[in-house]
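Participant: Going down the list, the sequences are from chains A and B.
Following our numbering, the numbering of the first sequence begins with 1 at its first residue and continues without gaps.
Following our numbering, the numbering of the second sequence begins with 260 at its first residue and continues without gaps.
To be clear, the hints were calculated from the coordinates, so they are not data collected in a lab.
Note that the Cβ used here is the ideal one computed from N, Cα and C, for glycine as well.
Just so you know, not all the hints are guaranteed correct.
Residues from chain B that face chain A, not an exhaustive set, calculated with beta carbons under 10 Å [to be verified]:
# : residue
1 : ASN355
2 : LEU545
3 : ARG547
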Amino acid sequence: MIRADGISVLAGRKRLLDNVDARIEPGRIVALIGPNGAGKSTLISALSGERRPDDGHVMLDGVPMASWPAPALARRRAVLLQSTSLDFAFTVEEVVELGRLPFAGTARQVGDEQAVAAACRLAGVDTFRTRSYQTLSGGEKQRVQFARALAQLGHRDGAGGEAHYLLLDEPTSALDLRHQRSVLDAARALADRGVGVLAALHDLNLAAAYADDAILLNGGRVVASGPADDVMTRELIGACFEVPVEIVIRENGARAILT
Amino acid sequence: MTDIAASVSGTSRALKRPAILGGLAVLLALAALLSLATGAVPIGVGDVLRALFGFEVDAQSAAVITMIRLPRMLLAIVVGAALAGSGAALQGLFRNPLADPSLIGVSSGAALGAVVVIVFGGAIAVVIPFAASPLLLPFAAFAGGLAATFAMQRLAQSGGRSATATLLLAGIAINALTWALTGFLVYVANDTQLRDFTFWSMGSLAAGGWQGIAIAALPIAAALGIIVVSARALDAMLLGEREAMHLGVPVQRLKNVVMVTSALAVSSAVAVSGVIGFVGIVVPHLVRMVAGPDHRIVLPGSMLAGAALLLVADMFARIVVSPAELPIGLVTSAVGSPFFLWLLVRRRKFA
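Start from the sequences and build out the full structure, keeping to the hints where you can.
Facilitator: Below is the structure:
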């Protein structure tokens, strides 16, 4: 489990995060929701070990993030950031292969090829594996970066019984409806295999459809967290986003959030 | 870059790697052989081979080859590999294909260090006896090059990424500053020092000789070796610093290592051959066009191709106004700057 206990992150005098608790558990998808500037990306950078909180602790399997050597950490968790620019003409495949970098020289390097192939399939980029990354559309690029993160988590190689984690910052921001669903379907499939997933999502309906749990952030504080249905209520969502909303339960039991 | 690269798949690129490196090695060997045969005194390729493998040739040819042409050829190889290899590494580090040691001020920083020693060397030697040693000049060049590299990194990067405009503007500023300081030194210099200075500013492989190789070869080989080992980490850096960090690359250490080794390679080259511009941008670019941006091939490929290119440029510099010769830095700049402009225009079209 990745857990953050009472973390605060400061930027000058401003508190980007204020006494935040969060956990990413194996086999579950947790949606990170909240208005712009709520601190979602900051929380992801703290949970991924990129940014050391000014207060509080982040631990992976009980070991403080700061104690994890960078390569060992990279073999346990993958991160997809909001935007990645690339000025060099790598092919799609070469970008995805970079996801295998943490395994160079380890026993799991032998799975590189299958992991890349499986990641490309799961992210739906295997039809243009040999194209130059620079010629892709924004949505295609986002899926390629998603595939790279999947490759970093590895193929079904058992992974020695250790849990793995996937942190996604707005993974669907540039995607059309079909690909929004296919990315989250892929996240679901990983969670079913025991991967712990955290995804910052702007689309509350996607969050409602896929998340087991949710963390609602506003102004750097956790407004509510727990089972997604308990967090995504009319009152809480309405208050945080300052927009009146209706929650509709559809025939199949899914919740839809209407403005 | 994109047109050619797009048609080549990643896997087939990986398979082509040994072929490309092998081809470049053959090219380099041919250029080296030709450069031994080229010069004021005509010596046939057959005689060159005989002399190289220890067979009897006439005394004059043997002397010309071992005393003049062989050290010059080796110097061209070492300097060309250093400039192109560190150019490729700096481009990866700055995530910008337009970073070149001479454009971003590393070379002129190193040259400034060298000129300080030329002008004040005598005075410094009085204060510190050690300073009289021939290592003072390369050391000063290294200090100047390293300072310029760190300044560039501070100035040009924001959010882990260097915008092309910022990079080039910061390069202009650093070049202007170093040239101003160098100009002041030239102003106070005497006639001999002035002649030396010309050598630094335009570049030449003529004066290095065996002593130049003794000074430059070891640091350049060590620096390039470390750079080659960093290939995959540099690939990850192309995605971005944060992305590289998430892929397990110790980013800060990598940056320090690449900056110090690139500065060491460039400064060692500058210490023995002066400022030779544009090799560091033209060569890696050509290699990327053929082989893609993977540093496992761009770095060694640029070193081989850079060595070959500098040999060819040096032959040209020796032949074109024979029996006199052109400063080689003029030749590389004359070829390199139009190429650079072409790159700029092309990028504007794509960006």
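Participant: Compare the structure with each hint and give your call.
Facilitator: Against the structure, the hints come out as follows:
1. ASN355: holds (7 Å)
2. LEU545: violated (13 Å)
3. ARG547: holds (7 Å)
In terms of the numbered hints stated before, the structure departs from hint 2 and from no other.
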